[in-house]
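*Asks:* Assemble the whole structure, with the sequences as input and the hints as a guide.
One letter stands for each residue in the lines below.
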Amino acid sequence: MNDSAAAVTPSAPSAAAETLRIALRSRTLLIGLAILLFWIACALLGQRMTPLDPYADDLLTTLAPPSAAHWFGTDQLGRDVFSRVIIGARDILIVAPLATLLGTVLGTVIGLGIGYFRGVLDDVVSRIIEALQALPLVIVALMMLAAVGTSNATVVLVIGFVFTPLIARTVRAATLNEVDLDYVAAARLRGDGPLAIMFIEVLPNVLPVALVEMTVRLGYAIFFVASLSFIGFGIQPPSADWGIAIAENYSLIGSYWWTVLFDAGATASLIIGVNLVADGLNSVFEP
Amino acid sequence: MKDATAPVDALRIEHLEVLYRVGQRERRVVTDLSLGIRPGESYGLVGESGCGKSTVALAAIRYLARNGRVSAGRILVDGRDLMRLSGGELRRLRARSVSMVYQDPARALNPTLRIGLQLAEVFEITEGLKGTVARERVAEMLARVQIPSPARVMSNYPHELSGGMQQRVIIAMALASDPALLILDEPTTGLDATVEAEVLDLIGRLRAELGTSVLFISHSLAVIGRMCERIGVLYAGELVEEGASEEILRDPRHPYTVALLRCVPSYGRRKDQGRLETIPGFLPTPGTSQGRCVFADRCGNATDRCRAEAPPVLAQAGRLGMRLARCFYPDRALQLPHTTGSGAPAAATATPREAVPLLRARNLSKTYQVAGRAFKAVDGIAIDLWPGETLGLVGESGSGKSSLAKLLLGLSAPDAGSAVELAGEPLNALAADRTQSQRKALQIVFQNPGLALNRSQSVRRLIQRSLRLLKLPRARREARLRELTASVRLTERHLRERPRQLSGGLQQRVSIARAFAGGPRLVVCDEPTSALDVSVQAAILNLLADLQVEQRVSYLFISHDLNVIQYLSDRVAVLYLGRVLEIGPTAAVFAGPHHPYTAALLSANPSLDGGAGGRVRLQGEVPSPLDPPSGCVFQTRCPRKIGRICEEREPALLAAAEGHAIRCHIPAAELMPAAALMSNSNELRENR
Numbered sequence: 281m282n283d284s285a286a287a288v289t290p291s292a293p294s295a296a297a298e299t300l301r302i303a304l305r306s307r308t309l310l311i312g313l314a315i316l317l318f319w320i321a322c323a324l325l326g327q328r329m330t331p332l333d334p335y336a337d338d339l340l341t342t343l344a345p346p347s348a349a350h351w352f353g354t355d356q357l358g359r360d361v362f363s364r365v366i367i368g369a370r371d372i373l374i375v376a377p378l379a380t381l382l383g384t385v386l387g388t389v390i391g392l393g394i395g396y397f398r399g400v401l402d403d404v405v406s407r408i409i410e411a412l413q414a415l416p417l418v419i420v421a422l423m424m425l426a427a428v429g430t431s432n433a434t435v436v437l438v439i440g441f442v443f444t445p446l447i448a449r450t451v452r453a454a455t456l457n458e459v460d461l462d463y464v465a466a467a468r469l470r471g472d473g474p475l476a477i478m479f480i481e482v483l484p485n486v487l488p489v490a491l492v493e494m495t496v497r498l499g500y501a502i503f504f505v506a507s508l509s510f511i512g513f514g515i516q517p518p519s520a521d522w523g524i525a526i527a528e529n530y531s532l533i534g535s536y537w538w539t540v541l542f543d544a545g546a547t548a549s550l551i552i553g554v555n556l557v558a559d560g561l562n563s564v565f566e567p
Numbered sequence: 060m061k062d063a064t065a066p067v068d069a070l071r072i073e074h075l076e077v078l079y080r081v082g083q084r085e086r087r088v089v090t091d092l093s094l095g096i097r098p099g100e101s102y103g104l105v106g107e108s109g110c111g112k113s114t115v116a117l118a119a120i121r122y123l124a125r126n127g128r129v130s131a132g133r134i135l136v137d138g139r140d141l142m143r144l145s146g147g148e149l150r151r152l153r154a155r156s157v158s159m160v161y162q163d164p165a166r167a168l169n170p171t172l173r174i175g176l177q178l179a180e181v182f183e184i185t186e187g188l189k190g191t192v193a194r195e196r197v198a199e200m201l202a203r204v205q206i207p208s209p210a211r212v213m214s215n216y217p218h219e220l221s222g223g224m225q226q227r228v229i230i231a232m233a234l235a236s237d238p239a240l241l242i243l244d245e246p247t248t249g250l251d252a253t254v255e256a257e258v259l260d261l262i263g264r265l266r267a268e269l270g271t272s273v274l275f276i277s278h279s280l281a282v283i284g285r286m287c288e289r290i291g292v293l294y295a296g297e298l299v300e301e302g303a304s305e306e307i308l309r310d311p312r313h314p315y316t317v318a319l320l321r322c323v324p325s326y327g328r329r330k331d332q333g334r335l336e337t338i339p340g341f342l343p344t345p346g347t348s349q350g351r352c353v354f355a356d357r358c359g360n361a362t363d364r365c366r367a368e369a370p371p372v373l374a375q376a377g378r379l380g381m382r383l384a385r386c387f388y389p390d391r392a393l394q395l396p397h398t399t400g401s402g403a404p405a406a407a408t409a410t411p412r413e414a415v416p417l418l419r420a421r422n423l424s425k426t427y428q429v430a431g432r433a434f435k436a437v438d439g440i441a442i443d444l445w446p447g448e449t450l451g452l453v454g455e456s457g458s459g460k461s462s463l464a465k466l467l468l469g470l471s472a473p474d475a476g477s478a479v480e481l482a483g484e485p486l487n488a489l490a491a492d493r494t495q496s497q498r499k500a501l502q503i504v505f506q507n508p509g510l511a512l513n514r515s516q517s518v519r520r521l522i523q524r525s526l527r528l529l530k531l532p533r534a535r536r537e538a539r540l541r542e543l544t545a546s547v548r549l550t551e552r553h554l555r556e557r558p559r560q561l562s563g564g565l566q567q568r569v570s571i572a573r574a575f576a577g578g579p580r581l582v583v584c585d586e587p588t589s590a591l592d593v594s595v596q597a598a599i600l601n602l603l604a605d606l607q608v609e610q611r612v613s614y615l616f617i618s619h620d621l622n623v624i625q626y627l628s629d630r631v632a633v634l635y636l637g638r639v640l641e642i643g644p645t646a647a648v649f650a651g652p653h654h655p656y657t658a659a660l661l662s663a664n665p666s667l668d669g670g671a672g673g674r675v676r677l678q679g680e681v682p683s684p685l686d687p688p689s690g691c692v693f694q695t696r697c698p699r700k701i702g703r704i705c706e707e708r709e710p711a712l713l714a715a716a717e718g719h720a721i722r723c724h725i726p727a728a729e730l731m732p733a734a735a736l737m738s739n740s741n742e743l744r745e746n747r
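So the sequences go chain by chain: H and R. Be aware that the first sequence starts at 281, since it is given in my numbering, and climbs by one per residue. Be aware that the second sequence starts at 60, since it is given in my numbering, and climbs by one per residue.
Derived Cβ-Cβ restraints for the label pairs, each shown as a range:
#, chain 1, residue 1, chain 2, residue 2, range
1, H, Ile408, R, Val192, 52 to 62 Å
2, R, Arg555, H, Arg398, 34 to 44 Å
3, R, Arg80, H, Ala476, 37 to 47 Å
4, H, Ile408, R, His218, 25 to 35 Å
5, R, Val429, H, Ala433, 49 to 59 Å
6, R, Ser145, H, Asp460, 39 to 49 Å
7, R, Ala534, H, Ala476, 19 to 29 Å
Example chain R residues on the side facing chain H (calculated, C-beta under 10 Å, incomplete):
#, residue
8, Gln495
9, Gln506
10, Ala511
11, Asn513
12, Arg514
13, Ser570
14, Ala574
Bear in mind the hints are in silico, worked out from the structure with no lab data behind them. Please read these numbers as outputs of a predicted model, since none were measured by experiment. Glycine included, every Cβ here is placed at the ideal spot set by N, Cα and C.
*Replies:* Structural data, given as structure tokens:
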């Protein structure tokens, strides 16, 4: 350690590189990402990844137990469960992230607005948010879906809508901490308008919080979508969605466990993966 | 080091080395540090931030952060080797033999427990006292730290007490176990000057009474010099100099000590007498200076030998005991080359007055509503500020300094009836309602650059966003950015970085660049150097003085440091509870006649060269602005209150001399300067 670099200030790595370096050291994050990326690959590649056609019935081999030909067995119509689990990632990985994104964008905008302006606007909106949070989300979502009809698009809208207040609250709290900082005063002094201050000055600083909240919500959204599909209000057949598969087969679980267990396991692993990512991101942004 | 004293030193550190784990690497933050504190002695550890002061204090009670460890050396408290103690023994030692007082008293007290209960716990743990016996001891302790009504304070929660009171409670708690060693880590840094002076007096008196040994840690040489018999100067984790306080301050033997002493603006120094000295360069990264002198890169005396070989600790016999200096050339220390040619004025003081002041405020008031009650933060202030002039604003916290600045800048709206004019034109209340050129004219440099700079933007972006005020064509913008960057002495490399990658001093330069981006006419400087080390402070003050000369900008300079105010200001206004108590040319305000409050502030000012300072002590605390005193706002604490008239009538701001006005019922002729007041006070300052 005889380097003579004494009083030279160390050439600091850029902030982004530093964050990435911390991120790559987090085992939680890496494991979560691995699980998540696996399911994303399944969803993207779809039938190119499945050994058999997930939609082809084979009435001669219905409810066959796992074997070399059918790794996860077959269902009531003789369809290959393994192929259906793989392809089943597709709809949920479209609906849940879109719904979360919608909720995050709306929630962030609302949270920034009420956190920045405070006053009466904040009082009114905050009370509404609290009132909405007092209602059970699944029931609210069910009622809305019953009203507008069920499709992937309406599921996205409804879940996005019920998530908005949750994210708005988090972003509001973060914004409240920011607007009292002197950099906001400095921006006002040079004549920046409220929109410029909110979106150019404050937003980048509350974004990490929104991002962590978004990953947490994504886990819930997946669970939410699966639940709705299970009761028939979410993704609709003929999709090979896991929730639908569980609903179709759960009465058989006693003797034909493979028709339910793998779909349930897939749902669980996806939610765990997302939550690991959320935990990891949280520790990266707020060490 | 080779302290040949009795083996029962209250604290004895021998060849201490402390490592911190950062990422995968271990960094050495304290190197070969030895010191001894004799029983009853007060030892001061001084140095700038990042030098390892607090690390030493924490190591002395084996309480380092989890990533830190003592890798070599011995620590003996009261003769016992700390490293060999078991968990239980260590706990008992911390409970009985060592006490520690930290900087922020609010965080050291449990907010959910009443003061009486918290203190009683200490007696329960150390002496097994319970119930009324313990409560009696608590009342006794509180009386000892001069808390006026112990019974009332005991039933209070911490948040109901002021910072000064909280710190007294902490000191009472620390002394409750009658420890052999008391460690004070920046105990008065967060307090107002008058409160700081009181708390320091208290510590001095208690020490004389109890004979406790003290390890006093501070960044301020003036405070340490006043409180301690011996001083150790810490730089980059090494003890570079040690000796008797008086000798260190008068006749330092290490170039770092010399440089540190030189960069503090001394009492009476003014900007027209020359620039302040700075310490060039930066503190080295811990653990990177093995086999060489840690200060070599910043030292004007350094030779090739200093860069090739670690200097030994040279011991010399001083008049007041052994002196140690970690330097090859201790005798040349005082010949350290000056960093600025002395005598070259930093700025001219007197500026010819123009017909119209740049900024004129009349009847400026701000009332906040707190829980349905009116709270006057600023009350009927009238000030004028001329082009190129610096108006210093002094006063303790709660005096309305920052509120006044916010009103002028348009960050909050004043009460109806207030009037602010810029160059003769009335200004709208809020910045958003002012014209772009008016906004451009009024800018601010905040106290804490870490909060004032948007952490998500690069330095380039930060400055660019303010440069838009100039509405320059694209081609000129980049040129102006370079100009501005150069004028605050930042380099191209800094533009790419984010604020948190820069040191506090560099951050403050960015903040200054931003304030000057639009070509302002008045810049409010709200304690711009109080979060910085003294060597950095000097550089920032020089920069502000230079920019003022170049651009003929006016400053409203807020500071609690009277030496800084005196150095930079042309005129000074003294604020108390939202009112101006005294205003006038700097020389007149500092020379007297003084308002009694100004006199108290001046005598509370910790100063290296002190002069003949008689203490004017203030009774109690600043009253709540929710419930201001009747008559003169200062009457509840005034040492020179003359009677009923002070309680009944608010005095007018009367001219004592040309441009110098004092708000007091006592005629100006009788408001003698502090030096003359001293004879009235029977409490003389002990040293010098």
